[in-house]
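Trainee: Work out the full structure, taking the sequences as your base and the hints as a guide.
There are 2 protein chains.
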Amino acid sequence: MSRRNIRVVLAYDGTDFFGWQNQKEGRTVQAVVEQALAKIHKHPVHVHAAGRTDSGVHAAGQVINFFTDLSSIPSEKFTPALNSILPFDVRALVSEEVDESFHARFDARLREYRYYIYPQPIVPPYFRRYCHWIAYRPHLGRLNRMASYIVGTHDFTSFSALGDPNPSKVRTVQSAAFFPQGPFLVFRITGTSFLWHMVRNLVGTFLMLDQEERPPEQIREILEAKDRDLAGDTAPASGLFLHRVIYDNG
Amino acid sequence: MSRRNIRVVLAYDGTDFFGWQNQKEGRTVQAVVEQALAKIHKHPVHVHAAGRTDSGVHAAGQVINFFTDLSSIPSEKFTPALNSILPFDVRALVSEEVDESFHARFDARLREYRYYIYPQPIVPPYFRRYCHWIAYRPHLGRLNRMASYIVGTHDFTSFSALGDPNPSKVRTVQSAAFFPQGPFLVFRITGTSFLWHMVRNLVGTFLMLDQEERPPEQIREILEAKDRDLAGDTAPASGLFLHRVIYDNG
Chain A
20 MSRRNIRVVL AYDGTDFFGW QNQKEGRTVQ AVVEQALAKI HKHPVHVHAA GRTDSGVHAA
80 GQVINFFTDL SSIPSEKFTP ALNSILPFDV RALVSEEVDE SFHARFDARL REYRYYIYPQ
140 PIVPPYFRRY CHWIAYRPHL GRLNRMASYI VGTHDFTSFS ALGDPNPSKV RTVQSAAFFP
200 QGPFLVFRIT GTSFLWHMVR NLVGTFLMLD QEERPPEQIR EILEAKDRDL AGDTAPASGL
260 FLHRVIYDNG
Chain B
20 MSRRNIRVVL AYDGTDFFGW QNQKEGRTVQ AVVEQALAKI HKHPVHVHAA GRTDSGVHAA
80 GQVINFFTDL SSIPSEKFTP ALNSILPFDV RALVSEEVDE SFHARFDARL REYRYYIYPQ
140 PIVPPYFRRY CHWIAYRPHL GRLNRMASYI VGTHDFTSFS ALGDPNPSKV RTVQSAAFFP
200 QGPFLVFRIT GTSFLWHMVR NLVGTFLMLD QEERPPEQIR EILEAKDRDL AGDTAPASGL
260 FLHRVIYDNG
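Protein chains in written order, with the numbering used here: chain A, 20 to 269; chain B, 20 to 269.
Treat the hints as calculated values from the structure; they're not laboratory data.
Don't take every hint at face value.
Stated by the list, open to error - One-sided excerpt, in silico: chain A residues whose CB lies under 8 Å from chain B:
1. Ala30
2. Asp32
3. Ala57
4. Leu112
5. Val117
6. Val142
What the hints assert, rightly or not - What the simulated footprint calls covered on chain A by chain B, stretch by stretch (three residues with Cβ under 8 Å from a Cβ of chain B suffice, anywhere in the stretch; the number is not a length):
7. 96 to 109
8. 224 to 235
Stated by the list, open to error - Take a look, some chain A residues computed to stay more than 10 Å from chain B by CB distance:
9. Glu44
10. Gly45
11. Lys61
12. His77
13. Phe125
14. Lys188
15. Val189
16. Arg207
17. Thr211
18. Arg239
19. Asp248
20. Thr253
21. Ala256
C-beta: ideal position from N, C-alpha, C; glycine also.
Mentor: Printed below as a string of structure tokens:
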């Protein structure tokens, strides 16, 4: 019986999860997915994920992979099989067989995150779980000037989280820009990988500089100082979506 | 000290409410709004609402009115005052003084409801609370043919709810049509007033006839039969929004 490596694209509402990764306590996305796969396989199945999203962070295109020894389920049928078991705040969107060597985390070439800001005096209740509500309109041109300074390879220590275990804080941002979308102001950022809280710390800092009417160039100074204290607050998890993950073979 | 009549437009996420109207048990929108007003006034305040939405039904533009004896709060400041107290699944959008004779329910000239259908194999988790998910694409032209038969003044007994206390089941529908909006298929209906469950019973019946490939004209036969058993299931509350209410003076 041959073993297949299955890739699945997941969407989830992170509101009621303590993030992706299994923890001693608290409901995690990884746990509900592994429980669903264990039910299908009748034995434990371990999954790898492209992005270990934090507590409250959403996903529109998380990518996972796992190995199956079940010959009875065609690869594309893992989507309905999972959806018949998963709670409604997690959905499998696509499933397919990939090369045995494929690893959702290590092979990811590009990760795209989107951060949704609702810049209006009052946030409609049906949007509140999926955005960061600020009661004013920030200056789009200034935000995009700031974003331009973080594109490229930099030491992002100033935008890292306390206790981040990664020895190197150097990361490469491929693109970073704000754009309006309906009533939202969206920050789109792509890169190979990101530090813990990095996207939310960047957004929090951009908004702080804009609100204090400080020059956009100060982003460069904050970067170069490698000092977390100079950056702004971590923007709320509710606005952040892991939008998609790109691999060399699609 | 003069008494003012205040009109407020509300939006709410109905998911975690047992509808608008106060009940012996269960959290209602009316109760949280009256509690907020009692806190502002330091005495009980009764509110009237244009639409007594059911359990789980949302509002983008519910209209209420109440009388205030507080001279300290300008009419437009009831919006931030309420929002500083209300839970985040209810928001005041606008508040203004209206004529003493204004009554949110009795003076409503037109009510508009919208019903959101998500006609795709998989519903993204962040939409699930705000739509009715059906895993197939219904035929838009057929649905609109059906909707055309209910426009006008009819006895809607076939689309009423068991136990509806209204003596007359005659209602006037001013307009009724389906249109695509982003990934959703939206049913928009306007009329002076609606029977209990009427909009959801109409949607459930349209979808049933479409799926069973029955002629759209059968809607007319179901109407004329005045028999609830001929109509389809009540579509879920999650898809329904009280979109707006129109009065003669704006």
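Trainee: Per the stated criterion, does the least C-beta distance between Phe125(A) and chain B lie above 10 Å, as a non-interface residue requires?
Mentor: Given a closest Cβ separation of 27 Å, the condition holds.
Trainee: Would the least Cβ to Cβ distance between Gly45(A) and chain B come out above 10 Å?
Mentor: The claim holds: Gly45(A) sits with its nearest Cβ about 18 Å from chain B, beyond 10 Å.
Trainee: Under 8 Å is the threshold here; is the Cβ of Leu112(A) close enough to any Cβ of chain B for the hint to stand?
Mentor: 6 Å, holds
Trainee: Does the closest beta carbon of chain B sit nearer than 8 Å to the beta carbon of Ala30(A)?
Mentor: Interface hint status for Ala30(A): holds (5 Å vs cutoff 8 Å).
Trainee: Is it the case that Glu44(A) keeps its Cβ farther than 10 Å from each residue Cβ in chain B?
Mentor: Holds, because the least Cβ-Cβ distance between Glu44(A) and chain B comes to about 22 Å, which exceeds 10 Å.
Trainee: With 10 Å as the threshold, tell me whether Ala256(A) passes as away from chain B on beta-carbon distances.
Mentor: 14 Å, holds
Trainee: Mind verifying the non-interface call on Thr211(A)? Its CB should be farther than 10 Å from each CB in chain B.
Mentor: Nearest chain B Cβ is 26 Å from Thr211(A), so the label holds.
Trainee: Examine each Cβ of chain B, and state whether all of them lie more than 10 Å from the Cβ of Arg207(A).
Mentor: 17 Å, holds
Trainee: Could you check that no beta carbon of chain B comes within 10 Å of the beta carbon of Asp248(A)?
Mentor: Nearest chain B Cβ is 31 Å from Asp248(A), so the label holds.
Trainee: Are there three or more residues in the stretch 224 to 235 of chain A whose C-beta lies closer than 8 Å to some C-beta of chain B?
Mentor: Since three or more residues must qualify, the claim that chain B covers the stretch 224 to 235 of chain A is violated, with 0 doing so at under 8 Å.
Trainee: Closest CB-CB distance from Val189(A) to chain B, is it above 10 Å?
Mentor: 33 Å, holds
Trainee: Grab the minimum C-beta distance from Asp32(A) to chain B and call the hint holds if it beats 8 Å, violated otherwise.
Mentor: 4 Å, holds
The structure does not agree with the numbered hints 3, 5, 8, 12 stated previously, though it agrees with the rest.
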